[in-house]
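J.: The primary structure of each chain is shown beneath.
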Amino acid sequence: MPDAPKAALPSDATLRPDQGEQHDVTEIHAALLREQPEPHDGFEPVSLWLVALTGVLLFWGGYYLANFSGRFEADEYSEFPHGQMTAAALPETPEQKFARIGAQVFNANCVVCHQASGEGVSGQFPPLAGSDWVNVDGAARKIRIVLHGLGGPITINGTAFNNQMNSFKDSLSDTDIAAVLTYVRSSWGNKGGPVSVDEVKAIRAETASRDAAWTAEELLNIPLTGGAAPAPGAPPGVDQLKETLKALPPDQLKALLDGLEAK
Amino acid sequence: MNYGPLLFLGILFTLAGSWFGLVLLPNQQLGALQPNVNTNTGAIYPQPIPGEAAQGREIYRSLGCNYCHTQQVRPDGFGADIQRGWGKRRSVARDYIYQKPVMLGSSRTGPDLTNIGERQPSYDWHYTHLYNPQTTSKGSIMPPHAFLFRTQRIAPDGPSTNALKLSGEFAPAPGWEVVPTPEATQLVEYLRSLKSSVDIPEAPLPKSEE
Amino acid sequence: MSQPATPGVLAALSPRDADTSSSRRAELAEIDASTSGTVLLFFLAGMVWLLIGTAFALLASYKLHAPDFLSGQAWLTFGRIRTAHLNAVIFGFSAEVAVGVLLWLMCRLCRVPLMAQSVINAAAVFWNVGLTVGIVGILKGDTTGVEYLEMPKYATPILFVAFALIAVWTIVIFRFRREQHLYVSQWYLLAAVLWFPWLYSTAQLLLVLEPARGTVQAAVNWWFGHNVLGLWFTPIGLAAIYYFLPKVIGRPIHSYYLSVLGFWTLALFYNWNGFHHLVGGPFPAWMITISIVASVMMIIPVVSTAINHHFTMVGHFGKLKYSPTLRFIVFGAVSYTVSSLQGVLSSVRWFSEVAHFTHHTVAHAHWGMYAFFTMTMFGSMYYILPRITQREWPSERLISIHFWCTAVGIILYVAPLSWGGWLQGKAMLDATVPFIDVVKITLPWLKLRTLMGLLLAVGHVAFFANLVWILARRFGPYRQPEPMILAGVTPAAPVGK
Amino acid sequence: MGIISFILIGSSLVFPAVALWALWWAGRHGQLAHADKAALLPFDEQEPVGRMTDVVLNRPKASKASHPPQGGPVP
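Protein sequences appear in the order of chains A, B, P and E.
Sequential numbering of the first sequence, starting at 1, is according to our numbering.
Sequential numbering of the second sequence, starting at 1, is according to our numbering.
Sequential numbering of the third sequence, starting at 1, is according to our numbering.
Sequential numbering of the fourth sequence, starting at 1, is according to our numbering.
Hints listed in this document are in silico derivations from the structure and should not be mistaken for laboratory results.
Just so you know, even glycine gets a beta-carbon here, dropped at the ideal spot from N, CA and C.
A portion of the hints provided could be inaccurate.
[As the list claims (entries may be wrong)] List of simulated lysine to aspartate or glutamate pairs, EDC-like, C-alpha gap at most 16 Å: (1) B:Lys138 / P:Asp68; (2) B:Lys165 / B:Asp124; (3) P:Lys140 / B:Glu58; (4) B:Lys88 / A:Asp170; (5) P:Lys426 / P:Asp437; (6) E:Lys37 / P:Glu179; (7) P:Lys153 / P:Asp142; (8) B:Lys195 / A:Glu44; (9) A:Lys97 / P:Asp430; (10) B:Lys88 / B:Asp76; (11) E:Lys37 / A:Asp170; (12) B:Lys138 / P:Asp437; (13) P:Lys440 / P:Glu392; (14) B:Lys100 / P:Glu210; (15) B:Lys138 / B:Glu183; (16) B:Lys165 / B:Glu177.
[Said to hold, decoys possible] To spell it out: a stretch of chain E is covered by chain P in this simulated footprint if at least three of its residues, at any positions, have a beta carbon under 8 Å from a beta carbon of chain P; those stretches are: (17) 38-45; (18) 51-59.
The task is simple: from the sequences and hints, build the whole structure.
T.: If you want it as structure tokens, here you go:
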């Protein structure tokens with residue numbers, strides 16, 4: 001029906017014989033209509049660049065499918081051919097890395113109770129921000145709390161709490177613990193220097209046989225700094241470790257050494 | 001132009017393609033996965049969750065928790081799931097073989113729960129958090145689930161052992177206590193049963209660094 | 001090429017044209033009259049579900065930044081209200097209006113009156129009963145827990161029967177078509193009714209009735225979930241655009257060849273897309289990769305369709321002033337292009353590492369289901385309703401309110417929420433940002449969404465009022481003073497020479 | 001590797017082959033002839049190519065009272 005437009009217009013006019021002026025308009029209209037493209041209008045060819053685009057996409061699809069499909073195996077979960085990882089880690093200094101680990105470990109393990117603000121939950125979970133247990137020199141007690149958890153009544157900033165904190169000795173490494181304590185001691189206006197990895201290592205070794213959570217009472221009997229008896233002036237770490245190792249029963253020492261060797 | 005049959009065939013064939021590739025093949029590859037037996041310890045993983053937790057799973061489903069909480073950990077290097085402590089390793093198909101329905105979740109309006117049982121084993125925390133998330137997570141947009149708890153008068157012989165430790169603005173009126181209903185208990189048992197830090201061959205736990 | 005067909009099994013499926021010449025108008029009027037009751041039933045029920053779904057949506061959206069609001073009852077908790085919203089608008093509003101448009105277009109293009117309307121009317125009743133049962137079940141807590149298939153298993157068989165009736169009847173209409181030539185819209189419509197029952201039955205079987213093992217369920221879930229949009233709503237939306245756009249502006253579609261390319265590449269690639277929702281999930285790499293590739297391939301049908309739609313429109317933008325149908329349809333067509341290309345982007349790994357699991361996905365779903373599909377359906381209803389009721393739209397003002405509220409509302413819903421979702425994803429990738437701070441980042445965008453939801457609700461109410469009004473004219477004592485634009489389709493009006 | 005990729009590669013050959021065959025069949029049986037008619041299906045003598053339908057909004061006041069030209073205002 002290519003001539004449909006022309007055929008339609010007269011019939012349109014006959015529809016309204018009473019509308020003289022309209023007639024003229026329709027005639028002008030008809031003139032315009034003749035300039036409408038012919039029905040071929042509906043058959044523009046597919047443009048070349050679309051064909052090219054299709055080709056490029058198909059090529060890319062084949063390439064991606066062939067190289068990032070883990071050979072279509074059921075237990076191949078990584079799309080990367082053999083161990084190749086994604087983006088390289090951002091360059092960061094050891095200090096930056098230590099700080100990042102601290103924040104990450106805190107967000108992953110501590111916020112649920114102690115809150116991102118470090119303020120804890122009144123009556124339930126004690127605050128870390130401004131806490132009189134945090135803002136003291138030496139980390140000996142804090143390291144122990146993180147390693148084995150804490151149970152029973154404890155008074156913090158004059159408020160009594162009675163709850164149970166988990167042990168993290170299996171899930172956090174020495175670096176993690178040192179980093180997270182450093183993070184806690186340097187956030188929310190808390191005071192206190194960094195906690196070193198060696199300190200954590202020493203206390204972990206010293207308390208290797210312990211499983212139960214600490215009580216506040218027990219902790220208060222432990223000197224604030226260092227392991228068993230810190231040598232005054234000596235850097236925490238190597239000397240302290242020696243002391244600790246000497247104090248260990250022989251079978252535990254052997255187990256410890258085996259463990260270190262395995263690493 | 002009258003290609004009805006051609007159209008008909010084409011329509012069926014195209015869908016047959018993905019039905020074959022995205023339904024049949026996955027079923028072929030993953031539909032018969034068996035639990036893993038650890039060669040050293042003989043431990044079997046995964047195992048069906050115990051009864052009360054399984055009932056709790058039904059509560060989890062019926063309340064639509066899966067619309068805000070995922071249960072899948074993305075691999076190291078793709079997202080920060082592992083750094084956020086949501087799991088120690090990526091989730092793999094074997095983790096889910098006993099789940100009906102599988103509630104992977106598609107939105108993280110709240111945090112991932114794959115490993116919540118390990119991350120937060122405290123009953124107190126779970127109960128007070130469910131009762132009103134503001135008690136333990138100030139600023140949370142999770143709805144309170146007070147309808148899973150009962151506020152009752154404290155009996156003459158002292159408060160119930162399972163009464164919630166609520167304080168401040170959340171505490172009930174003096175002489176009253178808040179206790180969990182069986183649904184709340186089941187839901188908490190379920191949440192505490194969510195643990196994924198098990199070494200399996202296709203997704204080993206990372207060797208401890210340093 | 002022009003050889004006469006030899007009889008055969010396949011050839012038997014394509015009836016020859018009986019009549020090509022006279023009395024097309026009378027025939028068209030007869031067809032419109034035959035579909036009238038059934039299509040009205042679907043439209044009206046769909047619009048009621050839209051209002052219900054909108055109410056649920058507003059409540060859910062508000063609860064997301066005011067969690068204490070109405071939190072005392074289990075059935076009012078976010079997880080259930082959100083699900084009720086989704087099912088009411090997808091399977092209530094969208095599906096029912098889609099069926100109405102599908103039947104009307106199919107009958108028109110096949111030049112066959114709707115036969116035995118009572119069968120389809122029964123299907124409509126079944127569908128609404130099943131849906132009501134299903135949504136009450138969800139609010140009661142009987143959800144299956146499977147996204148996009150939440151309705152409990154005591155409701156779904158009713159829905160399936162209803163849909164099977166609709167599909168069979170559409171195929172019957174197609175089989176007895178009197179028009180020898182097939183128009184693009186018919187391809188899409190036929191495809192939609194053939195694809196959906198397959199998808200729905202497979203998903204029901206492997207997810208609800210006899211669940212497959214472990215993550216296979218999640219695989220089937222997203223194969224279904226994505227294809228409901230891609231292979232059921234999208235084809236019907238595109239069919240409507242392909243019909244109404246040329247029809248309203250009076251110009252054939254730009255290139256028929258492009259529509260062929262667009263249709264077949266959509267059919268070929270769209271149904272492989274679903275697993276890009278599982279990226280990073282517990283699936284072998286190939287499953288994700290294959291879906292990403294298919295998603296990127298969607299550029300081909302989307303670009304072809306976009307060229308076709310927008311080049312048809314070039315030079316005719318002045319007509320937007322006069323036609324509500326054209327406004328909504330053009331808005332839908334543009335949204336289809338934008339949301340599909342955004343969907344391609346979202347499927348790529350580096351993008352979805354950020355956007356996955358965030359409100360970005362929610363925004364994208366509303367690009368597709370609302371800005372494209374719902375707007376297209378509104379446009380179609382503006383065209384169809386006066387023709388099946390024989391009445392003009394009573395209020396131009398309500399039409400304008402409807403258009404501007406929904407158009408502005410959805411743009412200011414989707415664009416900011418996409419951005420908010422992106423920020424949320426970026427923050428979530430940085431493990432040093434506490435999760436609660438990630439939540440706080442999303443709050444302003446969630447509040448804006450509630451506001452825009454209100455605007456959309458105003459639009460919906462305006463449209464519903466106009467719909468009730470036009471029905472009151474149709475079934476009340478009102479007489480259309482003059483046939484006006486409908487002169488051509490009114491049987492009473494003189495036809496032709 | 002093995003069976004899965006075999007099936008995938010196999011099916012990627014078989015499906016297009018069937019598609020090509022169907023296309024050839026359709027061509028042989030004249031089903032692709034007269035493609036140029038299809039684009040005009042939405043139109044007929046009353047609502048032909050070149051005329052706008054669905055003029056609802058912003059009609060000139062004068063023509064609201066009487067019949068406007070059926071094509072509506074000429075843009």
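J.: Of the hints given before, which are not true for this structure?
T.: 8, 11, 13 and 15
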